[in-house]
Amino acid sequence: MSDRVAVFNEGRIQQIGSAQDVYERPASEFVAGFVGTSNLLEGEAARRIVGRDGTFAVRPEKLEVQPDLSRPVDDGLLSADGVLTENVYAGATTRLVVDLDVGARLTVLTQNNSRAALEATRGDRVRVAFAAQDCLALTGERGA
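For what it's worth, the working numbering labels the leading residue of the sequence shown as 1, then goes sequentially.
Simulated from the structure, these hints should not be mistaken for lab results.
Here the structure is a predicted model, which means the values were calculated and not measured.
Quick reminder that beta carbons are idealized off the backbone N, C-alpha and C, glycines included.
Some hints here could point you the wrong way.
As the list claims (entries may be wrong) - Beta-carbon label-pair distances, calculated as ranges: (1) Val-73 - Glu-119: 17 to 27 Å; (2) Asn-112 - Val-83: 19 to 29 Å; (3) Ile-13 - Arg-71: 41 to 51 Å; (4) Glu-119 - Ile-16: 34 to 44 Å; (5) Arg-52 - Pro-72: 20 to 30 Å; (6) Thr-93 - Val-5: 20 to 30 Å.
Take these sequences, add in the hints, and give me the full structure.
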């Protein structure tokens with residue numbers, strides 16, 4: 001078994017690295033989508049959440065849903081408010097989808113060791129928060 005992987009698109013190498021590096025730090029939108037689910041922030045959503053233009057990826061497992069909008073956001077976290085549109089319990093995990101007020105849709109994957117995500121129901125206003133370092137600027141080719 002190899003300790004490095006390569007992601008190809010139309011015969012061209014998009015990224016080479018360890019499986020962890022390719023998954024955690026994809027070089028492009030294509031790589032981010034190829035090796036798993038990624039939420040993309042771009043346009044107005046990127047400007048309002050990240051504070052600058054560009055295309056940014058954040059993995060669903062890096063996000064946290066906070067049902068208490070009155071709770072202050074911790075230092076170092078990026079956040080946005082929206083409406084919970086899906087809440088799918090799957091045993092060890094729950095998949096949530098939030099339509100943000102800034103026009104983006106985020107998918108959140110959370111371990112069911114926290115009650116907070118389980119407390120929110122469809123139609124509730126929630127906050128999605130994540131560490132700034134988990135929001136990765138993407139360059140290169142878009143998805144095929």
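Each hint tested on the structure:
| no. | hint | result |
| --- | --- | --- |
| 1 | Val-73 - Glu-119: 17 to 27 Å | 18 Å, holds |
| 2 | Asn-112 - Val-83: 19 to 29 Å | 22 Å, holds |
| 3 | Ile-13 - Arg-71: 41 to 51 Å | 44 Å, holds |
| 4 | Glu-119 - Ile-16: 34 to 44 Å | 43 Å, holds |
| 5 | Arg-52 - Pro-72: 20 to 30 Å | 23 Å, holds |
| 6 | Thr-93 - Val-5: 20 to 30 Å | 25 Å, holds |
Every hint, counting from the list given before, is met by this structure.
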